[in-house]
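Student: Top to bottom, those sequences are chains P and D. Taking the numbering used here, the leading residue of the first sequence gets 18, the next gets one more, and so forth. Taking the numbering used here, the leading residue of the second sequence gets 140, the next gets one more, and so forth.
One thing to keep in mind: the hints can contain errors.
One side of the interface only, derived from the structure: several residues of chain P facing chain D at Cβ under 10 Å [as the list claims (entries may be wrong)]:
| id | residue |
| --- | --- |
| 1 | His41 |
| 2 | Pro92 |
| 3 | Pro118 |
| 4 | Arg131 |
| 5 | Pro134 |
| 6 | Val245 |
| 7 | Pro248 |
| 8 | Tyr252 |
| 9 | Ala269 |
| 10 | Gly276 |
Once the Cα atoms are required to be at most 16 Å apart in a straight line, the calculated EDC-like pairs of lysine to aspartate or glutamate come out as [stated by the list, open to error]:
| id | chain 1 | residue 1 | chain 2 | residue 2 |
| --- | --- | --- | --- | --- |
| 11 | P | Lys262 | D | Asp370 |
| 12 | P | Lys124 | D | Asp281 |
| 13 | D | Lys428 | D | Asp370 |
| 14 | P | Lys262 | D | Asp141 |
| 15 | D | Lys250 | P | Asp209 |
To be clear, the hints were calculated from the coordinates, so they are not data collected in a lab. Computed from a prediction, not measured in an experiment: that's the story for all the values here. Ideal Cβ placement from N, Cα and C applies to all residues, glycine included.
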Amino acid sequence: MSILVNKDTRLAVAGITGREGSFHTLNNRAYGTNVVGGINPKKAGENVEGIPVFANWADTVAETQANTAMIFVPPPFAAASALEAAQAGVEVVIIITEGIPAHDELKLYNQVKRDHPNTRIIGPNCPGILSPGEANVGIIPASFFKPGNVGVVSRSGTLTYQIGNELAQKGFGNSSIVGIGGDPVPGSSFVDIIELFEQDEQTELIVMSGEIGGSAEEEAAEYVKHHVSKPVVGYIAGFTAPEGKQMGHAGAIVSGSAGTAKAKAEALEAAGIRVGRTPTQTAEIAMELIGAPA
Amino acid sequence: MDLLEYQGKILFGKHGLAVSDGKAVTTVEEALAAAEEVGYPVMVKAQVLIGGRGKAGGVKFAPDHEAATEHANNILGLDIKGHVTRTVWIEHASDIETEYYASVLLDRSEKRPLVMFSTEGGIDIEEVAEKTPERLIKHHVDPLIGLTKEDAIRVATDGGADADVIEGVAEALVSLYNVWIEEDATLAEINPLIITPDREVKALDAKVTLDGNADFRHPEREGLGDTANADPIEVKAKEQGVVYIKLDGNIGILGNGAGLVMSTLDVVAQHGGKPANFLDAGGGSDAAKVKQAVELILSNPDVKAVLFNIFGGITRCDEVANGLVAAFEDLKPSVPFVVRLDGTNDIKGREILEAAALPNVHAAKTMDEAAAMVAELANKES
């Protein structure tokens with residue numbers, strides 16, 4: 018098993034005709050992901066290397082039974098496209114787009130939660146989800162990862178690759194790797210994804226990679242303490258980040274005394290979660306906890 | 140982006156919040172002309188993005204021309220914790236009877252806007268939240284509905300606002316919420332929100348943070364913020380579409396992806412190094428972009444060594460290597476470089492660097508090794 022994307026994934030992509038959108042969609046298909054359609058209102062009826070393009074999400078879902086959406090459209094239109102996918106009944110909506118206004122994310126989150134409770138939003142500003150050997154939805158370089166028993170959830174893309182690679186060098190593979198994104202209002206938080214890993218049979222260890230800003234790591238610490246039986250290893254980036262500066266991600270900012278890496282690491286440790294001080298050490302802790310993979 | 144007080148007040152005024160008449164000026168002459176215009180007594184207020192302006196002598200009361208001259212002279216150019224005052228705001232001084240507090244912010248945990256109100260205004264609100272949390276009213280707003288007048292009246296009442304100003308406070312809260320929504324703010328704060336002797340509700344200060352991701356729908360924002368105190372390298376980086384943040388150390392850092400760069404800074408610090416900057420070259424950096432980034436890093440004269448930490452996903456290591464070679468041809472850097480390339484096309488990238496045999500460029504196999512090497516090199520150089 019794995020979480021969120023797998024062999025049953027039927028992926029459709031908003032923004033499939035764009036440069037980035039087409040490149041990554043075709044990469045995902047080459048990996049084995051079942052890509053059933055794409056959306057561009059101006060290019061309905063055309064196709065991208067055989068993938069049919071539709072005018073909107075309702076048509077796409079009606080024609081292809083897509084159950085997973087990937088959003089690649091530019092920031093001004095991304096939240097609207099994600100909402101449209103939810104309205105069409107898509108269950109997993111993964112928003113790769115970076116640069117969406119916080120208020121758009123806020124309204125999207127609240128509207129989906131109220132009107133489409135069966136839809137799960139991942140991202141925005143995330144690298145997507147990879148379930149090695151099953152499906153890849155997004156921009157994660159799949160060649161570095163193989164199937165295995167470690168579930169990874171992270172706010173950052175490249176840091177995920179770094180940690181995943183450290184784990185891979187120790188022989189670990191992954192059930193799923195989930196990027197929840199670096200924005201202030203992510204559709205899914207650490208808690209949501211950790212809950213899925215806890216239920217997933219294949220996952221034996223959970224690695225969560227956090228960073229400065231907000232309190233999602235602290236909430237995850239509290240959740241793990243009370244609801245998670247599997248071992249969890251943490252990593253937090255941004256110990257050296259100055260106060261009040263946005264460190265690349267819109268959500269990575271220390272405000273006053275809130276959102277510091279130190280406070281997050283302490284909260285995780287207080288909940289019994291061991292925290293690596295470097296990506297390398299994080300992988301070493303994983304090794305100590307569940308031993309070298311067979 | 141954080142706004143200066145006067146920029147925030149202009150936004151407040153636009154959305155119907157009462158603020159004093161005032162003018163932003165940059166010279167003593169202009170300050171005096173502005174004082175005449177708004178009428179004495181006036182306040183002379185330093186416009187910098189740092190707390191503690193009053194204690195630093197950056198906020199003064201001027202009853203007349205003579206005092207205004209003295210204060211404007213002293214405050215213009217005043218260095219407040221590293222922020223040099225280039226602009227002062229001259230406003231008509233208000234009579235204050237009571238000081239309240241009001242704010243709207245994005246509660247990331249609840250994923251809702253949060254309206255806060257307290258009758259304990261004029262002091263640090265974190266102190267109020269800690270010592271007398273019952274005096275700080277918190278009200279989460281459904282962003283699909285907005286803050287209604289009825290909600291606002293309840294907040295003002297629960298917070299203990301004087302009965303005769305509850306209506307006025309509620310109106311101010313609704314206006315502040317409108318500022319937050321319509322200006323795409325992540326924070327809109329008034330401390331203090333004052334009540335004058337004739338029971339007018341007025342914003343005496345303004346703290347506003349705008350969401351940079353919404354710049355595309357707010358062309359009017361151009362030039363806002365504290366441009367006078369912005370770091371020139373940060374400004375140039377922004378023009379080039381690169382995220383660069385100046386830090387205090389001497390090791391230039393380039394990486395791809397915000398999380399990896401943050402992590403790189405941490406690991407360098409653990410090895411005893413001091414990062415000079417955060418630079419996220421972004422996904423899919425090509426050679427030209429890498430060269431530009433090297434130029435940015437080296438324009439900081441404190442830099443004694445540079446670390447490239449790349450884990451290629453979309454970014455291809457051969458492109459990064461080509462960019463570095465091009466940068467060396469043009470810029471002929473005098474400081475050592477440590478380069479760690481992993482991920483997409485890493486072998487090709489390493490081959491390019493080896494073939495180019497750049498002077499004083501050291502290859503590292505892992506992130507840890509790279510951090511240790513660059514820290515040692517920088518410490519040797521300084």
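Student: Now tell me, hint by hint, if it's right for this structure.
Tutor: To see whether the hints hold, each was checked on the structure:
Taking 10 Å as the C-beta cut-off, the interface hint given for His41 (chain P) holds, the closest approach to chain D being about 8 Å. Interface restraint check for Pro92 (chain P): the shortest CB-CB distance to chain D comes to about 7 Å, inside 10 Å, so the restraint holds. Hint status for Pro118 (chain P) relative to chain D: holds, with the closest Cβ pair at about 4 Å, below 10 Å. With 10 Å as the threshold, the beta carbon of Arg131 (chain P) comes within range of chain D, its nearest partner Cβ sitting at about 7 Å, so the hint holds.
Checking Pro134 (chain P) against chain D by beta carbon gives a least distance of about 14 Å; that is not within 10 Å, so the hint is violated. Evaluation of the Val245 (chain P) hint against chain D yields a violated restraint, the C-beta minimum of about 19 Å exceeding 10 Å. With its C-beta approaching chain D no nearer than about 22 Å, Pro248 (chain P) sits outside the 10 Å limit, and its interface hint is violated. Look at Tyr252 (chain P): its Cβ gets to within about 8 Å of chain D, closer than 10 Å, so that hint holds up.
Evaluation of the Ala269 (chain P) hint against chain D yields a held restraint, the C-beta minimum of about 6 Å falling below 10 Å. A hinted interface residue such as Gly276 (chain P) counts as satisfied when its beta carbon comes closer than 10 Å to some beta carbon of chain D; here the least separation is about 9 Å, so the hint holds. Pair hint Lys262 (chain P) plus Asp370 (chain D) holds up; C-alpha atoms about 13 Å apart against a cutoff of 16 Å. Restraint check for Lys124 (chain P) and Asp281 (chain D): the C-alpha separation of about 9 Å stays at or below 16 Å, so the hint holds.
With a CA separation close to 20 Å, the supplied pair Lys428 (chain D) and Asp370 (chain D) exceeds the 16 Å bound. Restraint check: the Cα-Cα separation between Lys262 (chain P) and Asp141 (chain D) comes to about 10 Å, which is no more than 16 Å; the hinted pair holds. Restraint check: the Cα-Cα separation between Lys250 (chain D) and Asp209 (chain P) comes to about 14 Å, which is no more than 16 Å; the hinted pair holds.
When held up to the earlier numbered hints, the structure conflicts with 5, 6, 7 and 13 and fits the remainder.
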